[in-house]
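Residue numbers (the working numbering), protein chains in the order written: chain G, 1 to 646; chain B, 1 to 646.
Misleading hints may appear alongside valid ones.
Identical chains blur together in the list; that is why a pair holds if it fits in one copy or across any two.
[Said to hold, decoys possible] Here are the computed lysine to any residue pairs in the SDA-like style, where the Cα-Cα straight-line distance is at most 25 Å:
{"#": "1", "residue 1": "Lys-471", "residue 2": "Arg-615"}
{"#": "2", "residue 1": "Lys-167", "residue 2": "Leu-197"}
{"#": "3", "residue 1": "Lys-464", "residue 2": "Leu-629"}
{"#": "4", "residue 1": "Lys-259", "residue 2": "Leu-485"}
{"#": "5", "residue 1": "Lys-293", "residue 2": "Ile-181"}
{"#": "6", "residue 1": "Lys-167", "residue 2": "Glu-189"}
{"#": "7", "residue 1": "Lys-626", "residue 2": "Gly-446"}
{"#": "8", "residue 1": "Lys-455", "residue 2": "Leu-605"}
{"#": "9", "residue 1": "Lys-167", "residue 2": "Gln-194"}
{"#": "10", "residue 1": "Lys-455", "residue 2": "Arg-147"}
{"#": "11", "residue 1": "Lys-480", "residue 2": "Met-574"}
{"#": "12", "residue 1": "Lys-597", "residue 2": "Arg-147"}
{"#": "13", "residue 1": "Lys-597", "residue 2": "Asn-304"}
{"#": "14", "residue 1": "Lys-480", "residue 2": "Thr-161"}
{"#": "15", "residue 1": "Lys-455", "residue 2": "Gly-606"}
{"#": "16", "residue 1": "Lys-455", "residue 2": "Arg-477"}
{"#": "17", "residue 1": "Lys-317", "residue 2": "Asp-183"}
{"#": "18", "residue 1": "Lys-167", "residue 2": "Phe-193"}
{"#": "19", "residue 1": "Lys-480", "residue 2": "Pro-532"}
{"#": "20", "residue 1": "Lys-367", "residue 2": "Leu-254"}
{"#": "21", "residue 1": "Lys-317", "residue 2": "Glu-189"}
{"#": "22", "residue 1": "Lys-317", "residue 2": "Ile-180"}
{"#": "23", "residue 1": "Lys-597", "residue 2": "Glu-451"}
{"#": "24", "residue 1": "Lys-167", "residue 2": "Ala-428"}
{"#": "25", "residue 1": "Lys-597", "residue 2": "Arg-615"}
{"#": "26", "residue 1": "Lys-626", "residue 2": "Asn-226"}
{"#": "27", "residue 1": "Lys-525", "residue 2": "Leu-7"}
{"#": "28", "residue 1": "Lys-464", "residue 2": "Lys-597"}
{"#": "29", "residue 1": "Lys-597", "residue 2": "Trp-146"}
{"#": "30", "residue 1": "Lys-597", "residue 2": "Pro-584"}
By construction, these hints were calculated from the structure, which means they are not laboratory data.
2 protein chains.
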Amino acid sequence: MLINLALVLSSAYIITNFAPAAAGSGIPEIKGYLNGIDTHGILLFRTLIGKIFGSIGSVGGGLALGKEGPLVHTGACIASLLGQGGTTKYHLSSRWLQVFRSERDRRDLVTCGCAAGVAAAFRAPVGGVLFALEEVTSWWRSQLMWRVFFTSAIVAVVVRTAMGWCKSGKCGHFGSGGFIIWDISDGQEDYSFQELLPMAVIGVIGGLLGALFNQLTIYITHWRRNYLHKKGNRVKIIEVCIVSVITSVISFGLPLFRKCTSCPEADPNSGIECPRPPGMYGNYVNFYCSNKKEYNDLATIFFNTQDDAIRNLFSAKTVHEFSAQSLLTFLVMFYTLAVVTFGTTVPAGQFVPGIMIGSTYGRLVGKFVVSFYERLNIEEGTYALLGAASFLGGSMRMTVSLCVIMVEITNNLKLLPLIMLVLLISKAVGDAFNEGLYEEQARLRGIPLLESRPKYQMRNMTAKEACGNQKVVYFPRVVKVADVLYILRSNNHNGFPVIDHTRSGETLVIGLILRSHLLVLLQSKADFQHSPLPCESRSGTLPIRHNLTEFVKPVSSKGISIHDVHLTADDLEMYIDLAPFLNPSPYVVPEDMSLTKVYNLFRQLGLRHILVVPRASRVIGMITRKDLLIEDNEDSNGVELQSTSS
Amino acid sequence: MLINLALVLSSAYIITNFAPAAAGSGIPEIKGYLNGIDTHGILLFRTLIGKIFGSIGSVGGGLALGKEGPLVHTGACIASLLGQGGTTKYHLSSRWLQVFRSERDRRDLVTCGCAAGVAAAFRAPVGGVLFALEEVTSWWRSQLMWRVFFTSAIVAVVVRTAMGWCKSGKCGHFGSGGFIIWDISDGQEDYSFQELLPMAVIGVIGGLLGALFNQLTIYITHWRRNYLHKKGNRVKIIEVCIVSVITSVISFGLPLFRKCTSCPEADPNSGIECPRPPGMYGNYVNFYCSNKKEYNDLATIFFNTQDDAIRNLFSAKTVHEFSAQSLLTFLVMFYTLAVVTFGTTVPAGQFVPGIMIGSTYGRLVGKFVVSFYERLNIEEGTYALLGAASFLGGSMRMTVSLCVIMVEITNNLKLLPLIMLVLLISKAVGDAFNEGLYEEQARLRGIPLLESRPKYQMRNMTAKEACGNQKVVYFPRVVKVADVLYILRSNNHNGFPVIDHTRSGETLVIGLILRSHLLVLLQSKADFQHSPLPCESRSGTLPIRHNLTEFVKPVSSKGISIHDVHLTADDLEMYIDLAPFLNPSPYVVPEDMSLTKVYNLFRQLGLRHILVVPRASRVIGMITRKDLLIEDNEDSNGVELQSTSS
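Given only the sequences and the hints, what does the whole structure look like? Please build it.
In structure tokens:
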């Protein structure tokens with residue numbers, strides 16, 4: 001208990017005092033980042049350090065949480081640091097890494113980092129690729145798939161090599177179970193029609209318990225946010241410590257109250273010993289049993305590492321190892337612990353707890369199926385696996401990636417159709433109640449994730465209506481420094497249209513300038529000029545005094561704030577010509593475009609601003625598919641065009 | 001030979017006389033369809049029928065081609081027919097299916113159909129999902145993933161159930177090999193560092209041979225198109241028949257020249273008999289051998305079903321079964337046959353031939369590795385699998401989906417990192433020479449696929465430059481029927497901007513009208529009016545005399561042509577008000593937007609037309625992420641917003 005407490009305490013201390021952004025799983029924030037929202041501090045170097053050491057404490061401390069979410073966050077942090085050429089604050093930057101210094105490349109790198117995290121956590125490279133594509137990215141390109149795939153392949157090779165070195169057990173738990181963490185390839189091979197009904201039941205249970213889990217965590221997070229965590233860091237640490245003590249007491253105490261069971265008759269073919277030899281991992285744990293040929297079924301899952309507990313729950317050829325009473329006890333206690341632990345200020349993943357909960361009720365259903373259809377070749381472990389899939393499906397609402405991860409961690413491809421079936425049911429049931437865990441948590445944290453589907457009422461709205469009566473703040477092309485400062489202080493818009501006048505006196509929208517770029521300009525003062533006229537040079541190109549890479553917003557550090565800008569009275573009287581620094585062709589939509597279309601544009605292209613403009617008065621030209629096939633226009637004359645597109 | 005000839009002849013006859021669009025694999029055309037190009041006839045009901053019966057003939061006739069591509073095409077055809085509510089021509093339409101009648105839903109359904117085809121062909125449901133996402137679709141939404149996943153799950157359950165019924169072999173070859181077609185899960189489990197070098201070599205060979213295959217098929221397709229196939233259907237049929245005769249002669253004749261080898265000592269644990277008992281499938285085929293304890297290694301792969309040949313090549317515990325000479329002979333002959341067969345007028349897939357070619361040189365490399373590193377636990381079958389992956393990677397350039405398919409058809413997850421490695425190398429090597437097989441074939445067929453990455457020179461081009469000096473053909477809002485007819489006849493544009501005048505006399509672009517919609521209007525005549533004035537009704541809404549579902553372009557039938565429209569002289573003097581029928585908010589871009597941006601817009605949203613308009617004179621508003629979170633605006637006041645996006 002004391003060791004657990006010490007570990008958890010160290011984790012909570014690191015998080016509260018050093019890296020507050022490292023609390024929780026980090027997946028909602030990463031999802032938000034890839035959706036276009038920068039949550040403060042989520043990719044800092046200190047967050048990375050806090051996440052690594054914090055999860056060592058929280059996972060090692062035996063809390064009801066997993067290491068998978070934190071590993072995803074860790075991967076994303078590393079990727080982001082590489083993407084901005086190391087961290088400048090700690091003097092770890094490298095010049096050649098600066099090639100990645102663009103927003104888009106960095107987002108791609110972070111996506112790869114997420115995939116690497118999942119691939120490393122589950123030793124599931126394909127699952128990692130799919131997780132990154134299905135769960136975290138918002139827009140998707142084939143090049144990205146190729147890059148993510150490459151990352152995952154490297155992870156797989158490295159993990160395998162490392163496990164080869166650790167073969168003889170000299171690295172502790174690392175590598176236990178081999179490359180396939182919970183191998184059940186020797187389990188059930190076939191299934192009959194009658195089994196589909198109990199499997200569907202597992203799907204329904206998974207959907208219900210998953211949705212309930214999401215709902216309870218919403219309530220508890222809300223309560224923590226509005227009440228408990230407002231009282232300061234000390235309360236946060238005490239809370240975690242109490243949870244740790246309760247977890248230790250329950251994990252150790254409950255199995256003590258459970259009577260030991262005598263071992264089943266040994267089957268020499270299965271290779272499973274009862275009770276397991278001391279110092280080994282496996283089924284049939286002898287936990288303070290009076291007789292040497294007895295084992296404690298509750299201790300086999302409760303007083304154990306999570307990996308080993310799951311392996312025991314998934315195990316085949318161990319029919320009737322667990323009593324219904326023990327499974328039910330464990331389910332209720334662990335479910336409660338998982339709900340209570342969720343949202344405390346330690347790094348915490350929800351994958352492994354989900355698998356634990358799911359496999360418990362799955363095994364419970366499996367027990368009934370085994371006793372009901374006596375003659376069939378049914379393994380309780382198969383049902384445990386399906387249960388795990390169903391709970392994760394019911395809570396996180398992933399489909400393809402979860403399916404592939406489940407197959408990759410258990411190495412039983414023949415169960416794939418069943419996993420798919422169970423996932424479909426549990427996701428559908430869960431969707432009837434609430435949204436997925438990550439979406440709900442993102443919403444609670446105020447991260448405005450754009451869902452993939454526009455809301456129904458957008459169909460009847462136009463772009464103009466969405467802008468509301470919000471006043472547009474313009475900049476002229478050449479603007480006085482004092483005006484810039486005033487405008488930036490008076491609102492918190494992130495982008496401003498820039499207007500110029502033609503010689504005939506008409507106004508013309510010439511682009512969009514970002515707040516962050518204006519701040520860089522104000523801070524450096526290099527581009528201030530005395531004349532209120534545009535600074536056309538004789539050669540026709542505009543002189544740019546700034547190195548353009550300075551404008552790339554550093555995600556992993558805080559960026560410039562308006563309070564960092566210090567200007568003299570002389571500076572305020574000067575002017576800036578914005579033309580070289582603006583985005584000359586922001587995306588525009590006509591005022592009466594349907595909001596559904598605008599939404600799709602926004603999400604598919606990952607935009608942050610769209611300008612709403614009046615209907616055009618004339619059309620200069622039309623671009624069709626053929627106009628975009630530049631290279632082919634020259635040599636395709638000989639090819640007869642069968643397509644009807646023109 | 002005669003049976004093969006008869007089967008192939010029937011296939012070629014069906015294709016040339018009944019369903020010409022069913023020739024080849026169909027994947028480039030489907031890819032084009034989902035990219036936004038309708039190739040004529042590709043999704044017709046007769047194409048479906050031709051594809052099914054044609055591939056029975058061509059695959060059954062023993063040609064060097066596979067059934068996987070045709071199955072993908074078949075799936076897409078079925079999906080498209082469901083999507084337009086059955087086929088009207090053959091009176092098989094159903095009213096309730098008409099709910100799918102929108103372009104977008106039909107494209108989604110076709111994507112699902114492709115996934116179902118792959119899932120059924122390889123019994124690889126996850127592979128099917130990934131194939132559809134990686135290879136065929138151009139744009140991608142999470143809802144689509146969920147739907148595709150559902151389709152694949154159903155396919156998996158149905159295939160498994162069907163195989164359960166056929167267990168005792170009463171359905172012939174169907175179900176042979178079980179749900180995992182080429183199970184090698186009892187093969188090599190581990191690999192050492194030294195093996196990575198020969199595996200990398202396999203990757204390089206795969207890239208080279210794959211690129212060569214693509215290049216040779218380009219030449220031969222070009223030659224066929226410009227020379228041979230211009231001579232009519234009879235030449236096409238004769239060509240296929242000659243290929244069939246050659247294939248039969250080589251498959252039967254070459255093994256005859258090969259001396260038989262005496263059987264290796266029997267290993268009772270492996271369960272492999274030598275020679276295999278008559279009427280069974282498996283290794284060690286006795287083919288006209290004088291001694292009963294002998295087998296013919298060339299016949300084991302050449303005079304065999306393709307499925308069984310691949311199983312033999314992948315098989316473990318059969319070291320030195322094949323001589324290098326036989327493997328080399330088979331490789332050269334089969335490679336040549338596959339190149340020659342590609343592009344003949346029969347339905348043909350390239351997956352299985354690719355696996356055959358790849359596994360042959362893979363096994364060849366494996367032979368050398370086995371003799372070089374004598375002490376290691378190396379299986380030649382592992383190298384055969386990697387060879388297959390490398391050739392497919394080098395030719396088709398798929399990554400994630402191919403990887404998952406290879407794992408799903410062999411059930412050996414532990415080889416996944418190796419498959420990934422080999423694929424990465426072979427794809428990289430192949431990319432150095434030419435594009436993927438499907439892209440090259442699409443280009444040859446004049447299907448203007450938009451690649452995922454814009455061309456480099458687009459960076460310095462503007463939208464206006466892409467339009468060139470092409471004249472824009474306008475329609476006024478109310479247009480004379482004679483003018484419509486004249487304009488439609490004088491060009492072959494598919495979309496026309498519509499211009500209206502405001503009361504102050506300014507022109508205004510009010511939308512885009514499609515050629516196909518104009519043709520429907522001309523044919524039905526229901527909306528003709530005598531007055532040249534807009535037909536505003538008193539209630540403010542426009543009276544629509546047409547059922548809007550009439551405008552959905554039927555993909556699976558030919559659609560209306562300008563020649564189908566018959567108008568009297570009276571009709572020509574009447575007017576149409578286009579306002580109710582146009583697309584009121586087509587996507588527009590300012591004239592000086594970078595073409596790279598336009599390209600991304602085009603591809604990500606799957607557009608067919610973009611209007612290029614002058615720069616806007618003013619900005620009505622800005623839409624940011626927050627404006628699109630409609631639902632949350634009301635109840636999110638209590639939530640503190642941590643994000644910096646505003």
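Tested hints:
1. Lys-471 - Arg-615: For Lys-471 and Arg-615, both the intra-copy (19 Å) and inter-copy (21 Å) Cα distances are at most 25 Å.
2. Lys-167 - Leu-197: between (42 Å within a copy, 22 Å between copies)
3. Lys-464 - Leu-629: Result: close only across copies, 15 Å inter versus 34 Å intra.
4. Lys-259 - Leu-485: neither (74 Å within a copy, 90 Å between copies)
5. Lys-293 - Ile-181: neither (28 Å within a copy, 44 Å between copies)
6. Lys-167 - Glu-189: This pair counts as between: shortest inter-copy Cα distance 14 Å, intra-copy 29 Å.
7. Lys-626 - Gly-446: Between copies only: 11 Å across chains, 44 Å inside a chain, cut-off 25 Å.
8. Lys-455 - Leu-605: Classified as both; 18 Å inside a copy, 18 Å across copies.
9. Lys-167 - Gln-194: Between. Shortest inter-copy distance 18 Å satisfies the 25 Å Cα cut-off; intra-copy 42 Å does not.
10. Lys-455 - Arg-147: Cα proximity of Lys-455 and Arg-147: across copies only (19 Å, versus 32 Å in one copy).
11. Lys-480 - Met-574: within (6 Å within a copy, 60 Å between copies)
12. Lys-597 - Arg-147: between (30 Å within a copy, 22 Å between copies)
13. Lys-597 - Asn-304: neither (53 Å within a copy, 55 Å between copies)
14. Lys-480 - Thr-161: neither (61 Å within a copy, 75 Å between copies)
15. Lys-455 - Gly-606: both (17 Å within a copy, 21 Å between copies)
16. Lys-455 - Arg-477: neither (37 Å within a copy, 32 Å between copies)
17. Lys-317 - Asp-183: both (13 Å within a copy, 23 Å between copies)
18. Lys-167 - Phe-193: The answer is between: 15 Å across copies meets 25 Å, while 41 Å in one copy does not.
19. Lys-480 - Pro-532: Classified as within: same-chain Cα gap 8 Å, cross-chain 54 Å, threshold 25 Å.
20. Lys-367 - Leu-254: within (22 Å within a copy, 58 Å between copies)
21. Lys-317 - Glu-189: Cα proximity of Lys-317 and Glu-189: in one copy and across copies (13 Å, 23 Å).
22. Lys-317 - Ile-180: both (19 Å within a copy, 23 Å between copies)
23. Lys-597 - Glu-451: both (14 Å within a copy, 23 Å between copies)
24. Lys-167 - Ala-428: Neither. Shortest intra-copy (42 Å) and inter-copy (33 Å) distances fail the 25 Å Cα cut-off.
25. Lys-597 - Arg-615: Answer is both; intra-copy 16 Å and inter-copy 21 Å each pass.
26. Lys-626 - Asn-226: between (57 Å within a copy, 23 Å between copies)
27. Lys-525 - Leu-7: Answer is neither: 50 Å inside a copy and 80 Å across each miss the 25 Å cutoff.
28. Lys-464 - Lys-597: Close inside one copy (13 Å) and across copies (23 Å); limit 25 Å.
29. Lys-597 - Trp-146: between (29 Å within a copy, 22 Å between copies)
30. Lys-597 - Pro-584: both (23 Å within a copy, 12 Å between copies)
In this structure, the earlier hints numbered 4, 5, 13, 14, 16, 24, 27 are contradicted, and the remaining ones agree with it.
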